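There are 2 protein chains.
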Amino acid sequence: MSIFAKTTNTFALKSLADGFEIALNGMPILRHTMDQPMVFVGIGAETINMHRGNFDIQDYLIERVALRYAKIDENGDSYVVRLSKYAESEPSIVFSIKEENKRLKLELIQSDETINRFWFRVTADQNEKVYGCGEQLSYFNLRGKHFPLWTSEPGVGRNKKTYVTWQADVNDHAGGDYYTTNFPLPTYVSSKKYYCHVDTTAYADFDFRNDEFHELQVWDVPQSIVFEAADSFLELVEKITERFGRQPELPEWTYNGIWLGIQGGTDVVEEKLQRALDKGVKVGGVWCQDWQGKRITSFGKRLMWNWKWNPEEYPNLDQKMKEWKEKGIRFLGYINPYVAIEGDLYKTASEKGYLALNKQGEDYLVDFGEFYCGVVDFTNPEACKWYKSVIKNNLIDFGLDGWMADFGEYLPTDVVLKSGASAKIMHNAWPVLWAKMNYEAVREAGKLGEVVYFMRAGFTGTQKYCTLLWAGDQSVDWSLDDGLASVIPAALSSGIIGCGLHHSDIGGYTSLHGNKRTKELFMRWAEMSTFTPVMRTHEGNRPYDCFQFDSDDETLEHLARMTNIYVALAPYTKHLVKINAEKGIPVQRPLFMHYENDEEAYKLQYQYLYGRDLLVAPVHQESQQTWNVYLPEDQWIHLWTGQKYKGGYSEVDVPLGYPAVFYREDSDFVELFREISNL
Amino acid sequence: MSIFAKTTNTFALKSLADGFEIALNGMPILRHTMDQPMVFVGIGAETINMHRGNFDIQDYLIERVALRYAKIDENGDSYVVRLSKYAESEPSIVFSIKEENKRLKLELIQSDETINRFWFRVTADQNEKVYGCGEQLSYFNLRGKHFPLWTSEPGVGRNKKTYVTWQADVNDHAGGDYYTTNFPLPTYVSSKKYYCHVDTTAYADFDFRNDEFHELQVWDVPQSIVFEAADSFLELVEKITERFGRQPELPEWTYNGIWLGIQGGTDVVEEKLQRALDKGVKVGGVWCQDWQGKRITSFGKRLMWNWKWNPEEYPNLDQKMKEWKEKGIRFLGYINPYVAIEGDLYKTASEKGYLALNKQGEDYLVDFGEFYCGVVDFTNPEACKWYKSVIKNNLIDFGLDGWMADFGEYLPTDVVLKSGASAKIMHNAWPVLWAKMNYEAVREAGKLGEVVYFMRAGFTGTQKYCTLLWAGDQSVDWSLDDGLASVIPAALSSGIIGCGLHHSDIGGYTSLHGNKRTKELFMRWAEMSTFTPVMRTHEGNRPYDCFQFDSDDETLEHLARMTNIYVALAPYTKHLVKINAEKGIPVQRPLFMHYENDEEAYKLQYQYLYGRDLLVAPVHQESQQTWNVYLPEDQWIHLWTGQKYKGGYSEVDVPLGYPAVFYREDSDFVELFREISNL
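Chains as they are written, first to last, in this note's numbering: chain A, 9 to 687; chain B, 9 to 687.
It is worth saying that the hints were derived from the structure and are not from the lab.
Among the hints, erroneous ones may be present.
Copies of the same chain look alike in the list, so a pair counts if it works inside one copy or between any two.
[To be verified] Here are the simulated DMTMM-like pairs of lysine to aspartate or glutamate, each with C-alpha atoms no more than 20 Å apart in a straight line:
1) K153 with D133
2) K93 with D120
3) K396 with E448
4) K137 with E607
5) K527 with D215
6) K168 with D180
7) K455 with D405
8) K169 with D185
9) K582 with E458
10) K472 with E448
11) K168 with D43
12) K333 with D228
None of these values were measured; they are calculated from a predicted model.
Generate coordinates for the entire structure from the input sequences, incorporating the hints supplied.
So this is what it looks like as structure tokens:
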């Protein structure tokens, strides 16, 4: 290998005795030698079984070979690297190294076509932390574990040691694990202040267990691998969102109050809404999943999945929506990318060939738990056009101002797609195609920033195409991996890779295996949600087993208090949402984003900064009178008592209605916070 | 590659366009081509954590490379094969192919020293079945699964779907899985009537999931791989035991009756024994684990682990043993390869340097659950000599006629051994060193065939060195994977690889997580044990939670009946035990061993032939009035009713005391069976 050294504004490449090293922003980030090769390639034969969105994935690894032999040639502004298995063999991988928009980009030019497994090592430090990889619910810092990246159901329980997980596994293959998520992402952020993105939608598994390197596995040869560094985390998230896109601001009406999740028809909605209003609850919207009809299964209450107003279930809804709107209360509905076989949308889609097929050329029907649906084929431009028209006509034009755009994780790996693309490669892409469909429908209707849809599934591109994330289906409990607490790392991890607007079902969703939502859980969850961009309730899958917002007066009064705080806080929240739209700096932020030198700040995953000036430590355990909070070195004022705090751990009182929240003494919003402290 | 074809009496080797093929007894067994290489090699970095004999083993596979390039040279009577990664590279593996004692032997001559992972493919047929791999408790036919081969605790529950397994995992990392066993073995038997043995003690994983090949993984380069075929299964087990050794016959006194597992001191033993005798129970021995003292832990009753008579616990035992012996009742004890730190044996071993050390050069202490022990270092000849003298002096000379030689599976992978051998390599060898120690002590005392010890741990060599297997610690329940039923595949799998004498704890052993032994379970287990070489009870780890042989009169009367049958059957059983000693044909046999053309016979794992002439289908479920039995085509007579049956499935009555047992009409033992039917 020739001796060379080249420095651009972005990276520095230098030769080693038997390899090369690349530094980014002065830090060594890639290193290849004969002994420690950077790339391994191989062949695997996977088995993928889906059980209603839960995947059992096994790999039989046939070969994994180090590419020890590297040849580098300069080629204009870039370098071409040829990696081979042995000295005189044809290269297995050829890629270019170049600077592109101030990013370091490794672009794959050519590879041995038999390769379907690819491993790439990035230099790591022992003390380095790693964040991101989408919406991660169990761990914010990913170091010490590996993370399969495959969009799926998040799992019920998500911890093999819990009874709920065990039961969910035994009965439904549905327990999940620490890494299962609706929104995986082949992008991570290092505490060394760089991000790395692998451009692929194939199954991936990022392994952060090794002290010396991160190993990124992809079941395909990725198109490119990009690195970008920054001098601060704020600058870094700005760069990430410059690359991947940013969400528009939330509609103004969002800040009118909570979105009440109600089902059961017009009269029920009217009645429950009125009761909430009478008790002083501030309401911004009613969110009725069953606006298009419902069905009952053994899992609980499910929806009809034929996307248009169901006037039997919701008589006079068209009129009612107008009345509510005049009171500042918008109507939100529900849609997903599947059409139930009983409906007329299915009939149309089937006739026109808009559905994904099975290998026999018939409509591929997916089992969603006692009912079957067709999969609208998003690789078919005609199907997309049609489904967008469904959104525009049946949702937007009908008067919906928002909806849950559910699912996206279930694309079976054996469907036949119109484009001819492999379903295994498209599986992870699906949530983004679904997000983009919603985005374009809203944009084409001229309603961006006025209409909002919220999603749980995601992948690369969700940053731009999804107007609001919700954390998916938590269990209605206090478990760290699947309960209230799990929402916090979910918000932080998705925030750090560019999805800065996050919220969750107040009280959680999944009630199974004896799990029932308690009053206290509902109240604590509402408290946390007050300090997120959107407050929204959900009845849960088994409403009668779950405590509801209107189950008693005390809860309604507590909710009234929390929604009053939410509305009072709106000027601050709007300010944060605007920053997110402009710069991609998330609304909920890890402490280290503003306190980079505080080592403790890198370890915390159950408290967050709500913008620059509020520190929120939600109570995520049962029966707590006090709560232990970490404050980074600064001048902090406890929101409810006005007591001053400096850095370090402090025990504070947390009666119901008074979660542990602090504001910075030198905030521009001090007056607002003082007003709130009197609410 | 040159074109060649060579046929010996044992195998035929022929060249292919880009490889070679070896046939054994006319069937293609090994095949190597560029596309489908026979050998893969690689490098892995394993993590092995032990939790009281339960192992958590993870492998980070760094490389796995096909050795596609083969060169073969004739070399006298054998061939030398050089396998390389690429055309002109140095061979990674060189081995010879030769005939040795009518076996096909692949002997490793040389290999790249960096290799620590080795995969070897054997040609398979789609309908082929595979058996063996030691004592397998969940599956007799191993096809469709892979089997890690690493001696360990068998696990509590052994099925991730059961509550007991889940609880054992959560609380103690102890749940196990379908493959966990005390006695793994890198030897399998194919339904194509050959066996394959891999000569290694390293961690191995035999994978029988692929339709076209079996893939044998070893975490080392094995010394050799041996194949031997036969024209019948009977001939095959004879060949297996010719290669690995056979057990001596059981002592004559065995057939006097059951071995009653009793603890609690001389008086308790005397009292319980007398009660059993009074009720007509035939007793061959009393087996007192706590002859050397006991301790109580949270797991239950445990032993003192200082191997000599404890006269405080067992006053006058020396005299009593003589009295009992005169009545035909022998005394059996207990020993294992560890010495508890509180005892004088530990003190001696520690002073003399007979114990395995830790990396700091101190005695390595193993946690056995609230007490600690030293590991007698069997790689130290002086330590072996000393421990043999303990067995000879403290056990044999003291008057013991048998004992449980417990454990052997716990060798930690980080101990430092006297011989300098790697503990990872010695871990699987340990049970056999332990067996050999017992064997030599008994042989040196001139007591082979008179004294009997029984073991649960095993590996290659157990066939010769272990006088009797017991099935380890079943749960006291009806579960398929860890209860009564699991003992049957355990007997069949260990029998087919040469351990033809098998028995189990009547009623099972492990009572944990709410599991308690019922009266019915005890009785059904006793019924099954009547048709095994040895009947023996165990109090279980929590005697007060478990139904005991003397818990009520009805049970004693049932046991009296079963032991009477056992004793009456002794001439037949002795005949079978003799055949096992002479030819290695196991006492308990799979149906296909005598009915090779019966396809159904290859599928059954919960019924067996007891010798040539009895078919036993133990009732392994609760509350059964009838039992469905499969009979291969023959003239069968139901033992209890004399009713005649031909082949096929039949439903028979199975009241307590009358398990489903049939004899062959043209058996030489018909008279004996008729007598028994009247008992």
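Structure-based check of all given hints:
For a Cα distance limit of 20 Å, the shortest separation of K153 from D133 inside one copy, 15 Å, qualifies, whereas the shortest one across copies, 39 Å, does not. Taking the shortest Cα distances, K93 and D120 sit within 20 Å of each other both inside one copy (11 Å) and across copies (17 Å). Taking the closest pair of Cα atoms, K396 and E448 come within 20 Å of each other only inside a single copy of the chain (8 Å); across copies the shortest separation is 82 Å, beyond that limit. Taking the shortest alpha-carbon separations for K137 and E607, only the intra-copy value of 11 Å comes in at or below 20 Å, while the best inter-copy value is 58 Å.
Taking identical chains as interchangeable, the C-alpha atoms of K527 and D215 are never at most 20 Å apart, the minima being 40 Å within one chain and 51 Å between chains. In the homo-oligomer, the alpha carbons of K168 and D180 lie at most 20 Å apart both inside one protomer (14 Å) and across protomers (14 Å), since each shortest distance falls under that limit. For the homomeric pair K455 and D405, the shortest alpha-carbon distance inside one copy (11 Å) is at most 20 Å, but the shortest distance between copies (95 Å) is not. Proximity of K169 and D185 under a CA criterion of 20 Å is satisfied in both settings, with 10 Å inside one chain copy and 16 Å between copies.
In this assembly of identical chains, K582 and E458 lie within 20 Å of each other by CA distance solely inside one copy; the values are 14 Å within and 89 Å between copies. For a Cα distance limit of 20 Å, the shortest separation of K472 from E448 inside one copy, 11 Å, qualifies, whereas the shortest one across copies, 75 Å, does not. In this homomeric assembly, K168 and D43 never come within 20 Å of each other (Cα to Cα): the closest approach is 38 Å inside a single copy and 40 Å across copies. Taking the shortest alpha-carbon separations for K333 and D228, neither the intra-copy value of 50 Å nor the inter-copy value of 73 Å comes in at or below 20 Å.
In summary, the numbered hints that this structure violates are 5, 11, 12.
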